[in-house]
Amino acid sequence: MKKYTFSVYRYNPDVDNAPHMKEYTLEVEENQDLMVLEALIKLKEKDPTLSFRRSCREGVCGSDGMNINGKNGLACITHLSSLKSTKIVIRPLPGLPVIRDLIVDMSQFYQQYEKIKPYLINDDKTPPARERLQSPEDRAKLDGLYECILCACCSSSCPSFWWNPDKFVGPAGLLHAYRFLIDSRDTATDERLDELDDAFSVFRCHGIMNCVNVCPKGLNPTKAIGHIKSMLLNRAV
Amino acid sequence: MVTAAATFGRSGSHDFILVRASAIVMVLYSLFMAGFFLSTPDVTYQVWNGLFAAIWMKVFTMLTLSSVLIHGWIGIWQVSTDYVKASGLRAFIQLVFSVGLIAVWLTGLFVLWGV
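Sequences listed follow chains A and B, in order. Read in order, the letters of the first sequence correspond to residues 0 to 236 in numbering that gives the first Met the number 0. Read in order, the letters of the second sequence correspond to residues 0 to 114 in numbering that gives the first Met the number 0.
One or more of the hints may lead you astray.
[Stated by the list, open to error] Taking beta-carbon pairs under 10 Å as the criterion, some of the chain B residues facing chain A (in silico):
hint, residue
1, 8
2, 10
3, 12
4, 14
5, 81
6, 82
7, 84
[Stated by the list, open to error] Simulated crosslink set (DSS-like; lysine-lysine; CA at most 30 Å straight-line):
hint, chain 1, residue 1, chain 2, residue 2
8, A, 83, A, 41
9, A, 166, B, 84
10, A, 116, B, 84
11, A, 114, A, 222
12, A, 86, A, 41
13, A, 114, B, 84
14, A, 228, B, 84
15, A, 70, B, 84
16, A, 228, A, 70
17, A, 216, A, 114
18, A, 70, A, 45
19, A, 216, A, 41
Don't read these hints as lab results, they were simulated from the structure. This structure is a prediction, so every number in the text was calculated from the model and none was measured. Cβ coordinates follow ideal geometry from the N, Cα and C atoms, glycine included.
Next up, chain A with everything else stripped away, as it sits in the complex (with noise of 0.2 Å):
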C-alpha cells in the first residue's frame, strides 16, 4: 500500500473564525493510481463535513477546478502519480471568494464572461432558412477557442485577474471573446473591440502565461489576447 497525505484547506464560515489546514492520510493499492477527485471523495467518506465540488468526473463540466500542489487543475484528470510526491496540498482557486472549504464564489468570473457577450450577434435581415453556413477555413480558426470549459483554473492564475477581478476580463473571458471576434458569422466585430479598449479589459494582460500553463485543456489565452491587442491595434494606428 501506498501512502499519501493530504493536506486540505478547510473553511466553515458558520464554524470557522479562520481558514486552516488539515491533514488527512489516504492508502491506496501499489498497482492503483487514483485521480485527485477520487482521492477527495474517499476522504469525504471519513470525513463528510469536506466539501468540494464535482459533477462530470471527466475534465468536461469544469466544477471540480482547484490548487493542487501550487498548480490549478481540475481534480478529476490529475492522476495522484502525476504529482510527484506523497504529501499532496490541495487549496481553492487563488483569488476567488471562499464560499466553504474547497468552493468558490464564481460570481466576478462569470460577470467578466457576461461582459464579454458570449454568444452570436449578427445583424442579417434576412436569416437563411437552414443555418449559416461557414468554410471550412473560417470553421478551423474557432479551433483552439470553443473547447474552454469555463473551469476558471486560468482566470485564478492570473494575478491581473486577482488585483483587477471587476474590470480585467481574465484569459477565460477574453478567449471566447477572440472566439466570437473571429467567427465569420458574428457582425458585431467593431462593437465587440469598442467595448474591450480600454486600459483593464484587455491590456491589463502582460503575456505572463499562467492561464497557459494551467488549462487543462491544453489551450492558450495567451496567444488569444495577443490577437485581440494586434485587431485593437490595427484600428487605433
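Following the hints, put chain B in place on chain A, whose structure we already have.
Here is chain B on its own, set in the frame of chain A:
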C-alpha cells in the same frame, strides 16, 4: 468598457502604443549616450557643453525626457492600480510620481535652455 481617467492615453491601445514608442526613444538615447562615452575617451566640460549646445541634441534629449514622463506616468498608474487598493493612497502616490516626472521634464528643459 472601463473608464480610467488618471492614465495618460485616451484608450487601452493608446496607452499600449505610447509605452512602446517611448521605450524605443529611451533605448535609442541610451545607445547614443553609451556610444558617445565609448567613442570619447576624454569627456571634458567643453566636449560635454558642445554636445548639448547642438539643437538636435537638445531636441533628442527633450524627446527622451518626454518619453520618461509618458512611460513613467503610465507605468506608475498601472502598478498603483494593481497593488494599491485604497483610492486615497493611490491618488497620493500617483500625484507624487506625476509631479516628480513633470519636475524632471521641466528641469531638463531649463538646463538645456541655458546651454
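Go through the numbered hints given earlier and state which of them the structure violates, listing their numbers in rising order.
-> none
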